[in-house]
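Undergrad: This is what each chain is made of:
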Amino acid sequence: MRTVSRKIERLINLTIALLATKRYLTKQEIFRSVDGYEGSEETKERMFERDKDDLRNLGVTIDVGSFDPVFEDEAGYRIKPEAYALDLGNISGTEIALLSLAAEAWRGAALDGAAHSALTKLRSIGVESDLDALPAIAPRLTTSFSGFQTIVNAISKRDRIAFTYVSATLETHLRTIEPYAIATRDAHWYLAGRDIDKDDVRTFRLDRIDGEISIVKNNGRFEIPQDFDVFASLMNEQRSKIATIDIRKGKAQLLRSTALSLVDKGEWDQITINYLDSPYIVDLVLWHGEDAIIIGPESLRSEIIEALETIVRVHG
Amino acid sequence: MDKPVQTPISRTARLLDLVPYLATHQGIELSALADVFGVTQSQMIADLTTLWMCGLPGYTPLELMDLSFESGFVTINNAETLSSPRTLNDEETIALLLGLDLVIESLPEDRQDLRGLALALVKRLSLRTNVRAKLAAIPAVAGSTIAVIESALSKKQYLGMTYHSLYSDTISNRVVFPLELRSEGGVEYLFGVCQSASATRMFRLDRIQALELASIPAEPVLEIQSGDTIKTSYRIRVHSRPRDAAERFALDSASVLTDPEISSFSNEWVRRSVLASSGTIELLDPPHLRREVVTAAKSILTIYQRQ
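Respectively, the protein sequence lines represent chains A and B. Numbered per the numbering used here, the first sequence spans residues 1 to 316. Numbered per the numbering used here, the second sequence spans residues 1 to 307.
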């Protein structure tokens, strides 16, 4: 236990020393001045290498350099305060409140831990959160998907990932992708990225990923296209089509709520809606039974008639 | 909150974050401080004791950080070097960016001022990370919904709501006494007593169209009938699109193809679900509902043939 806290003390003392110095400190200077470096030269070297790695893993950037020509061959170390410290510029109580609300949205969900530590840092700035400036809203992100952090880290580090994905026929396939984005819409989470084997951008629903997500080591990082728009990709907006549907007055609330236009036709209202692919629009219209009838396009009408005939046939 | 994993690294991180927090919260109660960092009080004392041994090279009282916490209130001095909060890491930035997205979408229309502030924050944070504008969150539930429910729960007050029932395809006004918020399979529900039915009901938050605190004096709700009337069993056969069937009926992939039995409170839901499966699912039992499905399909076909 004592050795563990010795290690922690040394890491803190090293951070303080490297932050406080105005010039690069050589290893020898560090060993002489920073508390906790003991033992043979070799032991101290090993300790220092491990400590540097540990601090980097904590997100502390250690700058390596030398400014003194006399010590040309010897590297010096320091932590630049501007790289260490959080700098959001001038920040108001209202802005802190907005960020707090953003962090609170993760309560109990996948990035709860990260959101909480971010919040602690924000509160340490010393600007009081002005929650009264905001309307009473409490948005929530709900995902407890276990691979969420892996995906988030892979996106920020530009690592390829691989996972087993359940196809529409319930077969499972290994997919390797360069992850571009993660997004939520309509209570589902989606991952978008370039599928290596298919050489195309695809979207995946997180709840259809079966098992663990693994990081695939590859040489060279990929680039996320500058103009990549996650929702355009998700919703295939460029390819969306328009259907005309008659819905009974006072009925088909779900279709009604997404209508682009509505014309009163007496007993019925005629609406137009956007749709992506035909099986799902047919399913959605059939959910409403006799209260929703597809008028056009003709191809969609044929499909729904065929679906109805299939229902009659399989139950015949 | 989960108990943070105790590695030397995570403890070091906590200690580094503790210093700036203390610097702006001088005199905070020890127990409150332990809560902020999600640790026990004895762990917090151990952390503070470790910090006490740290400071600038020299390590005399002049250089060491000066902590006092024996009184149960914590103060820190001589800690300028570490007193700025550490920069946010990628994961923290992403958590905030996604959260802000959601906040922006949840703000009422008439608060363009806050929208502008939040968008500017997104921009500032994006500059700090590799992940630029590659995140997007559109909430399924209106931002104010949860806030109003939470307030009703804490004040033990009734809620007035406009609710869209998908099963019955109706929009109705209801008065509900809230009991709790529940989350199942990523979907959030309000569990409460529906006044008109005098029974407990589950309401999907994303189907609540309007919501307000009702001005009915709260009285303990007596004699609640359980809304959990007996579930009926149904048997289906999946002919194609098995993943859709598995997701619609919450079946595991192993059972989808073996004429699974499903259970539901509502014939209406089953009838609609079978119709909405476009013939990929066959309802085997019960026979009367099977006949209803056929009758419905035939009468819809008649409408198509008329036009």
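Quick caveat, the hints were computed from the structure, so don't treat them as lab data. Glycine residues also receive a C-beta, built at the ideal position from the N, C-alpha and C atoms. Possibly wrong hints are sitting among the right ones.
[Claimed, not checked] With the C-beta cut set under 10 angstroms, the calculated list includes, among others, these residues of chain A facing chain B: (1) Arg6; (2) Ala75; (3) Gly76; (4) Ser92; (5) Gly108; (6) Gly126; (7) Leu170; (8) His173; (9) Leu174; (10) Thr176; (11) Leu276; (12) Tyr280; (13) Ile294; (14) Pro297; (15) Ser299.
[Stated by the list, open to error] Using 16 angstroms as the maximum straight-line C-alpha spacing, the simulated EDC-like pairs for lysine to aspartate or glutamate come out as follows: (16) Lys298/B <-> Glu45/A; (17) Lys7/A <-> Asp63/A; (18) Lys123/B <-> Asp159/A.
[Said to hold, decoys possible] Computed, partial: chain A to chain B, Cβ under 8 angstroms: (19) Ala102; (20) Leu111; (21) Ala114; (22) Pro139; (23) Ala187; (24) Thr203; (25) Ile242; (26) Thr258; (27) Leu260; (28) Ser261; (29) Leu262; (30) Val263; (31) Asp291.
Undergrad: State for each hint whether it applies.
TA: Status of each hint after checking the structure:
1. Because the smallest distance between the Cβ of arginine 6/A and any Cβ of chain B comes to about 9 angstroms, under 10 angstroms, the interface hint for this residue holds.
2. The beta carbon of alanine 75/A is not positioned within 10 angstroms of any beta carbon in chain B (closest approach about 19 angstroms), and the interface hint is therefore violated.
3. With 10 angstroms as the threshold, the beta carbon of glycine 76/A stays out of range of chain B, its nearest partner Cβ sitting at about 15 angstroms, so the hint is violated.
4. Taking 10 angstroms as the C-beta contact cut-off toward chain B, the hint placing serine 92/A at the interface holds, the least distance being around 8 angstroms.
5. Restraint check, glycine 108/A versus chain B: the minimum CB separation of about 8 angstroms is within 10 angstroms; hint holds.
6. Taking 10 angstroms as the C-beta cut-off, the interface hint given for glycine 126/A holds, the closest approach to chain B being about 4 angstroms.
7. Of the supplied interface hints, the one on leucine 170/A holds, with its beta-carbon coming within about 4 angstroms of a beta-carbon of chain B, less than 10 angstroms.
8. Contact between histidine 173/A and chain B, as hinted, is not supported at the beta carbon level, the nearest pair being about 12 angstroms apart and thus beyond 10 angstroms.
9. Interface restraint check for leucine 174/A: the shortest CB-CB distance to chain B comes to about 16 angstroms, outside 10 angstroms, so the restraint is violated.
10. Among the interface hints, the one on threonine 176/A is violated; its C-beta lies about 19 angstroms from the nearest C-beta in chain B, farther than the 10 angstroms criterion.
11. About 15 angstroms separates the beta-carbon of leucine 276/A from the nearest beta-carbon of chain B, more than 10 angstroms, and the hint is not met.
12. Annotation: interface hint on tyrosine 280/A holds; nearest CB of chain B at approximately 9 angstroms, less than 10 angstroms.
13. About 8 angstroms separates the beta-carbon of isoleucine 294/A from the nearest beta-carbon of chain B, less than 10 angstroms, and the hint is met.
14. For proline 297/A, the interface hint is violated, the least distance from its beta-carbon to any beta-carbon of chain B being 14 angstroms, above 10 angstroms.
15. Interface restraint check: serine 299/A against chain B, minimum CB-CB distance 14 angstroms, threshold 10 angstroms, status violated.
16. Straight-line distance between C-alpha atoms of lysine 298/B and glutamate 45/A comes to about 83 angstroms, which puts the hinted pair past the 16 angstroms bound.
17. At most 16 angstroms may separate the alpha-carbon atoms for a hinted pair to count; lysine 7/A and aspartate 63/A exceed this at roughly 21 angstroms.
18. At roughly 24 angstroms between alpha-carbon atoms, lysine 123/B and aspartate 159/A are farther apart than 16 angstroms, so this suggested pair is violated.
19. Proximity of alanine 102/A to chain B holds as hinted, the smallest CB-CB distance being about 3 angstroms (cut-off 8 angstroms).
20. Because the beta carbon of leucine 111/A sits about 4 angstroms from the nearest beta carbon in chain B, less than 8 angstroms, this interface hint is met.
21. Hint on alanine 114/A holds. Least Cβ distance to chain B is approximately 4 angstroms, under the 8 angstroms limit.
22. Interface restraint check for proline 139/A: the shortest CB-CB distance to chain B comes to about 4 angstroms, inside 8 angstroms, so the restraint holds.
23. Given the 8 angstroms rule on beta carbons, the hint for alanine 187/A holds: about 4 angstroms separates it from the nearest Cβ of chain B.
24. Residue-level restraint check for threonine 203/A is violated (minimum Cβ-Cβ distance to chain B is 12 angstroms; threshold 8 angstroms).
25. With a least beta-carbon distance of about 19 angstroms to chain B, the hint placing isoleucine 242/A at the interface is violated under the 8 angstroms criterion.
26. The beta carbon of threonine 258/A comes no nearer than 12 angstroms to any beta carbon in chain B, farther than 8 angstroms, and the hint placing it at the interface is violated.
27. With 8 angstroms as the threshold, the beta carbon of leucine 260/A stays out of range of chain B, its nearest partner Cβ sitting at about 18 angstroms, so the hint is violated.
28. A least Cβ separation of about 20 angstroms between serine 261/A and chain B goes past the 8 angstroms threshold, and the interface hint is therefore violated.
29. With a cut of 8 angstroms, the hint placing leucine 262/A at the interface with chain B is violated, because the nearest CB-to-CB distance is about 16 angstroms.
30. Taking 8 angstroms as the C-beta cut-off, the interface hint given for valine 263/A is violated, the closest approach to chain B being about 16 angstroms.
31. Evaluation of the aspartate 291/A hint against chain B yields a held restraint, the C-beta minimum of about 7 angstroms falling below 8 angstroms.
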